[in-house]
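If you're matching them up, the sequences are chains A and B in order. Residues 98 to 403 (the working numbering) make up the first sequence, in order. Residues 526 to 1025 (the working numbering) make up the second sequence, in order.
Watch out, some of these pointers could steer you wrong.
As the list claims (entries may be wrong) - Computed cross-link-like contacts, DSS-like style, restricted to lysine-lysine with a CA-CA straight-line distance of at most 27 Å:
| no. | chain 1 | residue 1 | chain 2 | residue 2 |
| --- | --- | --- | --- | --- |
| 1 | B | 611 | B | 576 |
| 2 | B | 731 | B | 653 |
| 3 | B | 731 | A | 297 |
| 4 | A | 212 | B | 649 |
| 5 | A | 212 | B | 727 |
| 6 | B | 721 | B | 644 |
| 7 | B | 552 | B | 710 |
| 8 | A | 215 | B | 649 |
| 9 | B | 710 | B | 551 |
| 10 | B | 653 | B | 551 |
| 11 | B | 718 | B | 551 |
| 12 | A | 285 | B | 721 |
| 13 | A | 390 | B | 827 |
| 14 | B | 710 | B | 644 |
| 15 | A | 212 | B | 1016 |
| 16 | A | 215 | B | 727 |
| 17 | B | 641 | B | 1016 |
| 18 | B | 653 | B | 552 |
| 19 | B | 936 | B | 910 |
| 20 | B | 824 | A | 390 |
| 21 | B | 718 | A | 285 |
| 22 | B | 1016 | B | 653 |
| 23 | A | 285 | B | 727 |
| 24 | B | 731 | A | 215 |
| 25 | B | 731 | A | 285 |
| 26 | B | 727 | B | 649 |
| 27 | A | 215 | B | 641 |
| 28 | A | 212 | B | 653 |
| 29 | B | 731 | A | 273 |
| 30 | B | 718 | B | 644 |
| 31 | B | 653 | A | 215 |
| 32 | A | 212 | B | 731 |
| 33 | A | 285 | A | 212 |
To be clear, the hints were calculated from the coordinates, so they are not data collected in a lab.
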Amino acid sequence: MGMIMNKTKKVGKIKKSGYTISFDIMAYIFLTLLAAVCILPFVLIISGSFTENSTILREGYSILPKKISLDAYRLILGNPTDMINAYKVTIFVTAVGTGVGLLMTTLTAYVLSRKEFKYRNRISFIIYFTTIFGGGLIPWYITISKVLHLHGTLTALWLPGIISSYNIILMRTFIKGSVPDEMTEAAKIDGAGHIRIFAKIVLPILGPALATIGLFLALGYWNNWISSSLFINDTSKYMLQFYLYNMLNRAQAIRDLALTSGVILEVPTESTKLAMTVIATGPIILLYPFLQKYFVSGITVGAVKG
Amino acid sequence: MKKGIEKIKAAKDGGYSYMERLYQGKKLGIWISLAVSLITTLLFLLTKVIKIENTAQLSEVLGLDLQEGGFSTSYSTFNMLSFVHKSGLGAQGLFAMILFAITIITIVLNISYLIKAQKFSSRKSNIKIYEAGQYAMVFNILLSLLVILFGIYSNKILGLVNIFSHSVLLYLIIVISIAGFVVIKRMEAPERKLYKELGFFKELRKNWVLFMLLLPTILFFAINNYLPMVGIYFAFEKFNFRDGLWSSPFVMFDNFEYIWKADLLKLMKNTVLYNLVFIILGHIFKIFIAILISQLTCKWFKRLNQTLIFMPHFVSYVILNVIVYNLLTYETGAVNTFLTTFGADRIDFYNTPGYWPFIIVFFDLWKGVGYGSVVYLAAILGIDKTFYEAAEVDGANVFQQIRYITLPLLKPTFIILVLFSLGNIMRGQFDLFYQIVGNNGLLFNATDIFDTYVYRLTMTNPLNNGLGTAAGLFQSLFGFVVILLTNYIVKRKNEDYALF
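Put together the whole structure using the sequences plus the hints.
Set out below in structure tokens:
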């Protein structure tokens, strides 16, 4: 009896080989270094934004603020009109663009997933063709701003981005993968039309997919600076990232801001740039950990079927 | 009744069944339409369909001497462009360009019909062949009408009468094409009934809801993507604001020549090389990271780690600009501060082109590798655990398991992803380059790619429309060829993964 109990005890222990241990150590070290490299720049920026400007100019950026000062934030928040405008515009464009884009993308993907639609391969090709050949930046710019007369409007910021070939193909893969044919067949036999099938059967199943593609769209809009640079000249209509870009490139912009808020004699250009950066990217950095799984599922489904 | 018996008798005596006679009739129809295709193709290729009636008057109007200078009195749709080039009549340029393009399409359609018709059979549905034939015939008619229209238009813009005219053969083409179209249509109808394949309009009526749902998207692509393609014409003219797109002087390939001589090779080299390095290094890192993560068992570490390495993906490139500046500035950059604390000299990054390829590659990897490893992680998690268990029983250690199981099984994913990325090798990452390098002219030789070049050309001087579009066209064309090639290669390996 004693011998048997001994044997059971040994089987219960998991013995790790030397190789595995060394591999694990290497893995932990490398991944920790990688994570450090990934977030180090952010640490520098945040710390710099809280540092006194003259300290930055004298001693450079560092991981911990050498001399804490809230001047930069005071400057920006003292006259936040422009920044709040940028936020408003960005939120509006992101919301509208994501909403419209999601609707159109999903409808298109639905149609393209229907087997009874004889032209789906041809239409898929027409859609895909736009990714491999195009007229180029200039003709597109002229189409949007001169032909459609959208120059200077907010519409020019969200309209061109609502549909992308990649999103359509991704959504179509989602639909094909999660909506079983038997369901739609049964519904058709029961006399349901396409719109009803879409609304009552496909859409409910598609929840995670909607979240994923919605987030892709939203991230694209939030980080977009090119549209503002091409189509907008009115500073009150700049989107957030372009507002930041503008400020980075024009030290004058910061001095102007300082003048209007009447705060400080010596303008803290460097720390203000960093503070603006923190404000411009804060929401995304704070939100994305909670939404991670949607992004992950999107990239895996997309890659598997391509 | 008598008539009926007689008919059957006649059929039997004839030795041919009804089906066979039908087949013979169809064959005749096909031969007729093929003849039409062949004739029209040869006519469009070889004859000069555009004529100039009164060269003297035209000389006066243009202020050129048409007798010399290599002008002729008749042109085909192909060399009409050379006339426009020499005469400097910009207004005709766009029309001539469209004629040229449609001629090519027409000829391609006719030839493809000639080829497809070889597969004509009495057993299967020939509807696709009929459709090809109908497209060819329609384009024959379309092209002829356009040439006639061209003559009228040219006369109108010169304010004269009867200078430009067309060859009589065009009328012949129109007539035989109509005949060919009718013949094909008549052969098509019974087959459509037989194989229950509806024509376009019937299909439309049956599934009209689906078409309606699709309409906004089609409109979007038509306006946002296909309409700008007309703007390709910018590349062929010397743009000025007064004349605009339609009438600026036509210079044919001058813009392309300029770009070729000036910057094209450098742009191609930069774009391609950077992309190659991004792709290869990127995928290697992603696989490496994915393998490491997949082997670890500590859950909280994995989750925290993933969240942290995802972070670079979510920030915009403008932020990246701040980061790079933050790190590399001469006076205050973190890297330089780090160096000086160890007594080393500062490095002037922004004035030294040599460092920048490495800098750009580093930041591209920084931004993409954490997030991109997820694909490979998913692939690894999809590998059957029994492989590893069997290997452990055989005494393989971790390194051996990775080398002999994980890596080989990841190879297909790796190859497919790399091939896809290669397809886009001509598309640079505009955001990345523009934000990091900005307008620092010193660095352009080492870091300029197609996308930034075109953007800069246009933004600095709108008159550069032609050059910018020409560069963009180079990029699109090269990219298109590369994609066709890579798709062909992927198809050979594994048909499922091919794009089309």
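Now the hints, each set against the structure:
{"no.": "1", "hint": "611/B <-> 576/B", "verdict": "holds, 16 Å"}
{"no.": "2", "hint": "731/B <-> 653/B", "verdict": "holds, 20 Å"}
{"no.": "3", "hint": "731/B <-> 297/A", "verdict": "holds, 22 Å"}
{"no.": "4", "hint": "212/A <-> 649/B", "verdict": "holds, 22 Å"}
{"no.": "5", "hint": "212/A <-> 727/B", "verdict": "holds, 17 Å"}
{"no.": "6", "hint": "721/B <-> 644/B", "verdict": "holds, 20 Å"}
{"no.": "7", "hint": "552/B <-> 710/B", "verdict": "holds, 14 Å"}
{"no.": "8", "hint": "215/A <-> 649/B", "verdict": "holds, 18 Å"}
{"no.": "9", "hint": "710/B <-> 551/B", "verdict": "holds, 11 Å"}
{"no.": "10", "hint": "653/B <-> 551/B", "verdict": "holds, 15 Å"}
{"no.": "11", "hint": "718/B <-> 551/B", "verdict": "holds, 16 Å"}
{"no.": "12", "hint": "285/A <-> 721/B", "verdict": "holds, 20 Å"}
{"no.": "13", "hint": "390/A <-> 827/B", "verdict": "holds, 14 Å"}
{"no.": "14", "hint": "710/B <-> 644/B", "verdict": "holds, 18 Å"}
{"no.": "15", "hint": "212/A <-> 1016/B", "verdict": "holds, 24 Å"}
{"no.": "16", "hint": "215/A <-> 727/B", "verdict": "holds, 12 Å"}
{"no.": "17", "hint": "641/B <-> 1016/B", "verdict": "holds, 22 Å"}
{"no.": "18", "hint": "653/B <-> 552/B", "verdict": "holds, 16 Å"}
{"no.": "19", "hint": "936/B <-> 910/B", "verdict": "holds, 18 Å"}
{"no.": "20", "hint": "824/B <-> 390/A", "verdict": "holds, 15 Å"}
{"no.": "21", "hint": "718/B <-> 285/A", "verdict": "holds, 25 Å"}
{"no.": "22", "hint": "1016/B <-> 653/B", "verdict": "holds, 23 Å"}
{"no.": "23", "hint": "285/A <-> 727/B", "verdict": "holds, 20 Å"}
{"no.": "24", "hint": "731/B <-> 215/A", "verdict": "holds, 11 Å"}
{"no.": "25", "hint": "731/B <-> 285/A", "verdict": "holds, 14 Å"}
{"no.": "26", "hint": "727/B <-> 649/B", "verdict": "holds, 22 Å"}
{"no.": "27", "hint": "215/A <-> 641/B", "verdict": "holds, 21 Å"}
{"no.": "28", "hint": "212/A <-> 653/B", "verdict": "holds, 19 Å"}
{"no.": "29", "hint": "731/B <-> 273/A", "verdict": "holds, 23 Å"}
{"no.": "30", "hint": "718/B <-> 644/B", "verdict": "holds, 20 Å"}
{"no.": "31", "hint": "653/B <-> 215/A", "verdict": "holds, 13 Å"}
{"no.": "32", "hint": "212/A <-> 731/B", "verdict": "holds, 14 Å"}
{"no.": "33", "hint": "285/A <-> 212/A", "verdict": "holds, 13 Å"}
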